[in-house]
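Participant: Chains as they are written, first to last, in this note's numbering: chain A, 1 to 342; chain B, 343 to 670.
Keep in mind the hints are simulated off the structure, nothing from the lab.
C-beta atoms are modelled at their ideal positions from N, C-alpha and C, and glycine is treated no differently.
None of the hints are false.
Pair ranges (Cβ atoms, derived):
| no. | chain 1 | residue 1 | chain 2 | residue 2 | range |
| --- | --- | --- | --- | --- | --- |
| 1 | A | A281 | B | G626 | 34 to 40 Å |
| 2 | A | I69 | B | G626 | 50 to 56 Å |
| 3 | A | R257 | B | A606 | 53 to 59 Å |
| 4 | A | A291 | B | A606 | 32 to 38 Å |
| 5 | A | A31 | B | N507 | 16 to 22 Å |
Non-contacting residues of chain A with respect to chain B, defined by C-beta distances greater than 12 Å in every case (computed):
| no. | residue |
| --- | --- |
| 6 | D3 |
| 7 | R103 |
| 8 | P166 |
| 9 | D171 |
| 10 | L260 |
| 11 | H309 |
| 12 | A326 |
| 13 | L328 |
| 14 | E338 |
| 15 | V340 |
If you want the building blocks of each chain, they are given just below.
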Amino acid sequence: MGDAVVGVVANPLSGRDIRRLVTQASVFPTAEKANMIQRMLTAFGAVGVHRVLLSTDLGGISAAVFRAIGRRRGHEPRWPEVEFLDGQPIRQTAQDTVDAVRRMVTAGARVIVCLGGDGTARVAASAVGQVPLLALSTGTNNVFPAVREATVAGLAAGLIATGVVPTQGADGVTARAKLLEVRVGDRVETALVDVATSTERHVGARAVWDPATVTQLFCAFAEPDAIGLSAIAGQLMPVARNDPYGVTARLAPDAARQVLAPIAPGLVVPVGVRSIERIEAGPVHHVDARAGVIAVDGERELAFGPGEHPAVRLRADGPWCVDVAAVLAASARLGLLERVRQ
Amino acid sequence: MTDTVERKALTREHLLDVYRTMRTIREFEERVHAEFATGDIPGFVHLYAGEEASAAGVCSNLDERDTIASTHRGHGHCIARGVDVVEMMAEIYGRKTGSCHGKGGSMHIADLSKGMLGANGIVGGGPPLICGTALAAKIKGTGGVSVAFFGDGGSNQGTTLESMNLASVWNLPAVFVAENNGYAETTSSTWSVASDNIADRAAGFGMPGVIVDGFDFFAVHEAAREAVARAREGGGPTLIEMKFTRYFGHFEGDQQTYRADEVARARAELDCLKRFADRVTETGELSVADLDAVDAEVATLIETAVEAAKAAPLPTEADLLTDVYVRY
Numbered sequence: 001m002g003d004a005v006v007g008v009v010a011n012p013l014s015g016r017d018i019r020r021l022v023t024q025a026s027v028f029p030t031a032e033k034a035n036m037i038q039r040m041l042t043a044f045g046a047v048g049v050h051r052v053l054l055s056t057d058l059g060g061i062s063a064a065v066f067r068a069i070g071r072r073r074g075h076e077p078r079w080p081e082v083e084f085l086d087g088q089p090i091r092q093t094a095q096d097t098v099d100a101v102r103r104m105v106t107a108g109a110r111v112i113v114c115l116g117g118d119g120t121a122r123v124a125a126s127a128v129g130q131v132p133l134l135a136l137s138t139g140t141n142n143v144f145p146a147v148r149e150a151t152v153a154g155l156a157a158g159l160i161a162t163g164v165v166p167t168q169g170a171d172g173v174t175a176r177a178k179l180l181e182v183r184v185g186d187r188v189e190t191a192l193v194d195v196a197t198s199t200e201r202h203v204g205a206r207a208v209w210d211p212a213t214v215t216q217l218f219c220a221f222a223e224p225d226a227i228g229l230s231a232i233a234g235q236l237m238p239v240a241r242n243d244p245y246g247v248t249a250r251l252a253p254d255a256a257r258q259v260l261a262p263i264a265p266g267l268v269v270p271v272g273v274r275s276i277e278r279i280e281a282g283p284v285h286h287v288d289a290r291a292g293v294i295a296v297d298g299e300r301e302l303a304f305g306p307g308e309h310p311a312v313r314l315r316a317d318g319p320w321c322v323d324v325a326a327v328l329a330a331s332a333r334l335g336l337l338e339r340v341r342q
Numbered sequence: 343m344t345d346t347v348e349r350k351a352l353t354r355e356h357l358l359d360v361y362r363t364m365r366t367i368r369e370f371e372e373r374v375h376a377e378f379a380t381g382d383i384p385g386f387v388h389l390y391a392g393e394e395a396s397a398a399g400v401c402s403n404l405d406e407r408d409t410i411a412s413t414h415r416g417h418g419h420c421i422a423r424g425v426d427v428v429e430m431m432a433e434i435y436g437r438k439t440g441s442c443h444g445k446g447g448s449m450h451i452a453d454l455s456k457g458m459l460g461a462n463g464i465v466g467g468g469p470p471l472i473c474g475t476a477l478a479a480k481i482k483g484t485g486g487v488s489v490a491f492f493g494d495g496g497s498n499q500g501t502t503l504e505s506m507n508l509a510s511v512w513n514l515p516a517v518f519v520a521e522n523n524g525y526a527e528t529t530s531s532t533w534s535v536a537s538d539n540i541a542d543r544a545a546g547f548g549m550p551g552v553i554v555d556g557f558d559f560f561a562v563h564e565a566a567r568e569a570v571a572r573a574r575e576g577g578g579p580t581l582i583e584m585k586f587t588r589y590f591g592h593f594e595g596d597q598q599t600y601r602a603d604e605v606a607r608a609r610a611e612l613d614c615l616k617r618f619a620d621r622v623t624e625t626g627e628l629s630v631a632d633l634d635a636v637d638a639e640v641a642t643l644i645e646t647a648v649e650a651a652k653a654a655p656l657p658t659e660a661d662l663l664t665d666v667y668v669r670y
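Start from the sequences, fold in the hints, and give me the full structure.
Facilitator: Here it is in structure tokens:
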């Protein structure tokens with residue numbers, strides 16, 4: 001058995017939350033998630049991946065792939081051996097993603113592909129360590145994961161797993177993402193895109209869709225064409241993924257400076273911005289609010305009360321992320337997909 | 343997103359009401375569980391314990407214009423809709439003082455004066471009913487919203503699917519609440535529901551479908567608030583799927599050989615009452631003393647209900663032909 005191993009984790013619950021109801025967000029069917037994994041398996045097989053470690057779930061994704069493998073037996077091109085990571089309890093929470101990714105890392109995965117939205121990528125990123133992460137969008141809010149054809153993403157992940165493209169260094173095809181760390185007492189969460197304080201009292205349905213409730217925003221990066229809360233800063237003070245700094249803003253509905261921002265799919269609203277400034281990696285910023293809820297990457301996660309003083313810090317040592325375009329460009333340069341007909 | 347409906351934070355009174363509702367359902371069901379074992383209760387009972395946040399989270403967004411249709415597991419919906427608890431207990435005991443004069447029992451508790459169209463022994467029987475009340479509300483312009491609760495088993499019934507189609511075609515003020523507790527009697531929903539998530543079926547009927555943590559009152563309340571507001575404003579129907587676990591068997595007496603230790607974990611880690619109490623005391627919205635006072639009040643109410651039910655008379659032969667026909 002070779003060591004070109006890829007881990008694939010898919011979140012069965014991504015693309016299902018209240019944003020379908022409040023903002024007409026898209027629905028990402030289970031069948032399509034399973035199809036994406038099958039298209040990736042074809043790509044993995046084509047470039048010589050030996051083994052794929054696949055998360056298991058109660059949402060029907062792994063079951064659909066399992067059935068497809070049974071139907072495919074003997075067909076060309078061959079898919080790599082797929083090992084289903086079962087045998088541990090499925091809790092139907094984010095912990096399932098963490099558990100699966102940790103097992104993949106321990107089992108020697110050279111790259112981990114995650115299927116979900118910003119929330120899934122955030123959770124997977126917390127567990128990948130130094131293993132490169134390729135986040136593919138199958139969720140609602142997709143700033144961090146790429147909206148890409150799974151076959152091409154599968155080729156990129158496969159080329160990394162087989163070790164034929166350099167991941168780090170001058171020609172490296174991965175880049176280290178920034179991340180935002182939030183500490184509330186002894187609770188710690190990380191965000192890959194943005195951290196927001198909300199005046200809501202409860203985590204509730206998690207999503208943030210009412211801009212009037214958001215009072216403060218921290219972004220690791222803010223692209224002008226983003227969707228979600230980072231779009232607010234993206235229009236006023238854009239920050240690229242590879243800039244060494246981030247941006248923070250204080251928001252108030254009655255502020256003189258207003259920006260129209262797509263803060264969630266299907267929602268373009270005026271947002272009042274009282275101040276906006278750059279933040280550097282390292283220093284700790286305490287949030288202004290005495291009580292409320294902290295949202296990470298657009299989802300309410302941590303409720304806090306007086307005396308807890310949540311602290312936010314931009315860090316430069318986020319996950320190593322696969323640049324799919326760079327992998328395929330390297331492949332073109334090195335002729336990795338060229339074959340000579342015998 | 344709609345702006346015309348007020349979305350204020352829950353007040354202290356509102357939170358106390360919600361806690362009282364959920365605690366009443368829990369105590370009611372735990373007590374029926376204990377009393378059923380003595381053999382005094384006739385017929386079948388299907389208990390709602392564990393699912394309280396769904397009934398309370400949905401019904402706390404409804405008012406006197408609205409109607410709900412329930413299931414065979416209907417006690418929680420009845421209580422959340424304000425049906426008299428003493429009369430409910432008497433009904434379960436088959437007594438003349440019951441909500442339906444002791445002739446319906448657990449699976450047929452109804453109170454039209456409370457907008458409660460009835461628990462329902464027919465799996466998938468509720469959704470067609472609410473299409474009727476929703477159509478009436480639409481034609482009369484009352485602003486009323488109709489809600490159908492059904493289970494993962496009910497979600498596979500043609501009646502439920504036809505109702506969702508009709509509600510969408512007629513743009514009815516309706517909310518479909520799929521209470522997915524994991525098992526239709528003893529059959530796992532991961533096997534029997536072909537679409538994996540019940541909420542996914544909404545797309546086929548042109549309505550939004552969302553999945554909610556059914557153990558979390560605040561998550562349920564927010565999703566239901568938006569769905570009810572959308573329906574009230576003419577936006578049409580919504581499908582909400584609650585994911586959770588029932589604490590007791592399908593019916594009392596079920597040996598539950600089809601499931602392992604998930605109930606113990608749910609009670610310890612996910613329980614809706616515990617989570618609600620932790621949250622509101624952490625934020626300071628309610629105190630432990632507030633909650634204890636409600637607990638004591640509810641314990642007294644349930645004790646009173648059981649004593650009254652046991653002491654109440656059974657229907658007689660003379661009652662056999664009453665309440666059978668209705669003059670329109």
